[in-house]
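This is what each chain is made of:
Number of protein chains: 2
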Amino acid sequence: MAKDKKLVEAITSMEDDFAQWYTDVVTKAELVGYTSVKGCMVIKPAGYAIWENIQHELDRRFKETGVENVYLPMFIPESLLEKEKDHVEGFAPEVAWVTHGGLEPLQERMCVRPTSETLFCDLYSRDVHSHRDLPKIYNQWCSVVRWEKTTRPFLRSREFLWQEGHTAHATAEEAEARTIQMLNVYADFCEEVLAIPVIKGRKTDKEKFAGAEATYTIESLMHDGKALQSGTSHNFGDGFAKAFDIQYADKDNTLKYVHQTSWGMTTRMIGALIMVHGDNSGLVLPPRIAPTQVMVIPIRQDAAGVMDKALEIREALKAADIRVKLDDSEKSPGWKFSEQEMRGIPVRVELGPKDIENGQAVLVRRDTREKYIVSINEIPAKAAELLEEIQANLYNKALAHRNSHTYDVTTYEEFDKTVNQRPGFIRAMWCGCRECEDKIKEDFAATSRCIPFEQEQLSDVCVCCGKPAKKMVYWGRAY
Amino acid sequence: MAKDKKLVEAITSMEDDFAQWYTDVVTKAELVGYTSVKGCMVIKPAGYAIWENIQHELDRRFKETGVENVYLPMFIPESLLEKEKDHVEGFAPEVAWVTHGGLEPLQERMCVRPTSETLFCDLYSRDVHSHRDLPKIYNQWCSVVRWEKTTRPFLRSREFLWQEGHTAHATAEEAEARTIQMLNVYADFCEEVLAIPVIKGRKTDKEKFAGAEATYTIESLMHDGKALQSGTSHNFGDGFAKAFDIQYADKDNTLKYVHQTSWGMTTRMIGALIMVHGDNSGLVLPPRIAPTQVMVIPIRQDAAGVMDKALEIREALKAADIRVKLDDSEKSPGWKFSEQEMRGIPVRVELGPKDIENGQAVLVRRDTREKYIVSINEIPAKAAELLEEIQANLYNKALAHRNSHTYDVTTYEEFDKTVNQRPGFIRAMWCGCRECEDKIKEDFAATSRCIPFEQEQLSDVCVCCGKPAKKMVYWGRAY
Ligand SMILES: [Zn+2]
Ligand SMILES: [Zn+2]
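Quick note, the sequences are listed as chains A and B, same order. The opening residue of the first sequence carries number 1 in the working numbering; numbering runs sequentially from there. The opening residue of the second sequence carries number 1 in the working numbering; numbering runs sequentially from there.
In short, the hints are calculated from the structure, not lab data. One or more of the hints may lead you astray.
As the list makes no split between identical chains, a pair holds if one copy fits it or if it spans any two.
[To be verified] Calculated cross-link-like contacts (lysine-lysine; reagent style BS3-like; alpha-carbon spacing at most 30 Å):
hint, residue 1, residue 2
1, K206, K83
2, K371, K208
3, K136, K38
4, K63, K331
5, K371, K382
6, K63, K318
7, K28, K136
8, K382, K63
9, K136, K331
Chain A with its partners taken away, still in its complex shape:
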C-alpha cells in the first residue's frame, strides 16, 4: 500500500501552507495545467466538466427569468472603450491591445474585451428605439482578458471564462429589480448547488464596479479565513445610456434614456469549491455539481464475476439518474481510492469477490469517510440518499465554519488583533467615509467586502474614526 499513499503525500497539508495546498489540489486533481502562454492556464477535462455543470445550472436559472443568450465581438475599438469615463479609467490599465491584423497595422487599436458593457451599449444604441423594444435581457458566455501581473489558477488569471448579463430597461425601478433578482439567482445557486453559504450586500463606492451606480455582491469565506467575491450585479442607472445615447420613445412620445444593469459569475467559483470544501486528501465536490457522483471500484477485478457485477451496479446507478463511472483501469484498488478522493467524487462503491458472495458492497462517503455495507439491490437508493446527505453536510459545515470565523469588533485595537490573529470575516460599524476605508486597507490589508442587506447595530460609532456609524460592514482580507 506504500504506492497508494504517494498520491496523497504529494499534497501539502493545508495547515502547513494553504497556498501550496491549493496549487497541489488544482494540479493533482487535474483541474488545470500550465502552458507556454504566460499567466494563462489550460482547464483540463476534470475542471471543465465542473464549469459545464455550473453553466448548465446557471443558464437554466437565467432562462427561467427571461434571459436570452447572444454573442458579441471579443474586440473593443479604443474609441468605444473610452466613451464612458469611469469605465475606461477602471479597465484601460489592464487590457491586452491588438495593434496588427495580418501583416498590417490597424488604423485604430482594439483591446480584447475585459468586460463588454461598451459593446452591449453599442448594440442597444442601434436596436432600442421604442418602449416596445424594452426590456433587453441579454447574456453571453465567453472568455475575457485582464492583464494581471500575478496569477493563480481560477482565482486570478489573464484570461478567464464567465457569463456576463447586460440588460436595458425603461425605468430605474425595473433596472434595480433586475439587479437584485440576479444577485438572488447567484446566491441561491451558490447555496443550493455549490453548497457555499454567502453574504448578500452592497459594495461601498470605493469597491464598486467602474461606471456603476451601485454594485451588489455575494461574499463567501474560504477555509483559510479569506473572503472571495463570488458574484456581482451592477445597476448602472442611466450613466452608460447617456454616454452612448441609448434613448427610446416612451408611450407619451417623449425620448427617455434606458436604465441598465450587468451581472457576472466566473470560473473563480471552481476555486471557491476547492477552498471551501477541500481537505488534505484533495478536492471534495458537492454532489449537485460533481461531474461524477459515484465511482464504482472493483477489487480483484480479474476474479470471476467481479467485473460483471460492477457493470451491473453501474447500470443500476445510471438508471437511477446518478452520474456514475466505473474505474476498470489496471491500477491497484488503493490507488483508485486515492484518486477518487483526490478528485472529490462524493461516493465510491467498493466491490470484491467476498462482497459479491454476500450479495453486498461497501459505500464510502468522501466527506466523512463513513462506510456503509449495503445489499447490492439497494445501492442506487442508498447512493441517492448519501448524495443528499453529503450535499447538506457540506453546506452545514461551510456555514458553521463561516459562523465560527465571523468576528464582531467595536474598537480599532480589536480590529487589529482580530485581522492579524483570527482570519475570517470582521463585522464592524462604519461612518460611511472613504477615508476610514482607505485607512483600514492601508493598516490591515483588509477591504470592505460588503454592506450586508441584513444590518445589525453593533455599536453607535465607526470602528475607525469614532464618528457616528451609519452601516455595519463585513471586512476581510480577500482573494
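Go by the hints and put chain B with the ligands onto chain A.
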C-alpha cells in the same frame, strides 16, 4: 393587410439577387446585427439559439464517442505558432497580433488563436509520457479570429464560433480511424439534424489544411448552386508530434511519436441552413434545430376565451415535448404570421373565436404552407407528425436540388459551359496534378471540393489535361 406584406417585401427575392436576399434574411430574421467592430458581428438571440442547439446536438454526439471538453488560452506566443512550418505559413498572414498588455509592450507578441493545434501540442508535450496517457480525445468550444478582408455574416467574419477537436493516438491506424469517425459524426449531424445532404470525401493536397497529412471534408450545395465546406477532419500523422516533440514510452519501452487529428465545425452552418432551406419569405428551419418549433398565434386575442384556449394549447404542446411559443404581442395576426415565417418557425397554430366554437384550430406548415384543420385535443399529435414530415421534406428537397444541380462533365469545353451557365457541383475526372487544379481555378474560379469516397469512372482521362485520370472529383465555386 398592406402592413403585413411590408415585412416580406423588405426581403429581396433570391432570384433577383441571392447575396442581397441572404443579407436581408440574416438581418430581418434578427440572426445578426452590425457592430462598431469592423468585420465582426453580433449574434442575436434568434441566431444564438440555433447555435446553442447545434452545440447541444454535436456535444452529445462527441461525448458518446469519448470526447472530453477542455479550454485552452486564446493567445498563442509567436514562437509557438512558428514551430510547425506549414502551419505558420498557412495562418500567420491572417492573424490578429496582441503587442501590449496594459500599459506595457509585450516581450513577445502573441496572436489571437486562428485555430489551436499549436496549443494542444504544447499541452500534449507536457502531459503525454506513456502509452497509458493515450489516447487524448479533447475538444473545445470557443471563438477564433482570422483577419479576413471581406466579410459576410456567418460565412466569413473576423471572429467566429466553432468547436475544435484535437486528439493524440498511439498509432497511425487509430488516428486515421478517429479522423473518419468524426467526419461521419459531422455528416450524420448535417443530414439528420440540419436536413442538409453532404458529399463525404478527401481534400486534394492543394486544398488540405496547413500542416495536415490528409484533410477530409463534407461538402454541401447551397440554393444558388455554390458549394459550402461544412466540416473538416484532419489527420496530421506525426508531423506536429515531431515539431513539438510529443513522444510516449510504448509497452516495449521504446519512445514513439504520437499521431494526431483535429476536426471542426463552425457557425457558418447557420449560413448553410439559410442558404439550403430558406425562401423568399425568409428563413425555413428544420424542426430538429429550430429553437421554436411551433408558434401559437391567437386571432382576436381580446375576444372572450381566446387567450385561455391559446395558453391551454401551448401547455399541451409543451407537455408533448414540443418547443412552443405563444405570440401574445399587440401586433396584428397577419404581421405575426409574417414574422413567424420570416423566422422560419416550422409550424404555426392559428386560433380565433370561430375556431374555438368549432373545437378546432388551423395548423400551417412553414415549408409547403399547407393548412390543416385539427380538433383542439389532437393538436399535439398532429404538430408532432407535421414536424417529422417537415424535417423529412426539407432533407428530400435539398437532396433533389443537389441532384438536379450536379453535372457530370468529361471535356474542358463542357466544364466551361457548365460552370458558367449551370451553377452547381461538377463531377469530372482528374489526373491528380496540381497544375490542372490551378488551371481550373484560374480559368473558372472553381476549386476542387473533394475527392469523394464514392468514386465513379466517368471517363478515362483528366478533364483538363487529357492524361490518364486517377480520381473523380467534385468541383465548384464555393463560399
Ligand atoms: Zn469612520
Ligand atoms: Zn490533368
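Here is what the structure says about each hint:
| no. | hint | in the structure |
| --- | --- | --- |
| 1 | K206 / K83 | within (21 Å within a copy, 47 Å between copies) |
| 2 | K371 / K208 | neither (48 Å within a copy, 57 Å between copies) |
| 3 | K136 / K38 | between (37 Å within a copy, 24 Å between copies) |
| 4 | K63 / K331 | between (43 Å within a copy, 24 Å between copies) |
| 5 | K371 / K382 | within (12 Å within a copy, 54 Å between copies) |
| 6 | K63 / K318 | both (27 Å within a copy, 16 Å between copies) |
| 7 | K28 / K136 | between (43 Å within a copy, 18 Å between copies) |
| 8 | K382 / K63 | between (33 Å within a copy, 28 Å between copies) |
| 9 | K136 / K331 | between (54 Å within a copy, 19 Å between copies) |
In summary, the structure is inconsistent with hint 2 from the numbered list given earlier, while agreeing with all the others.
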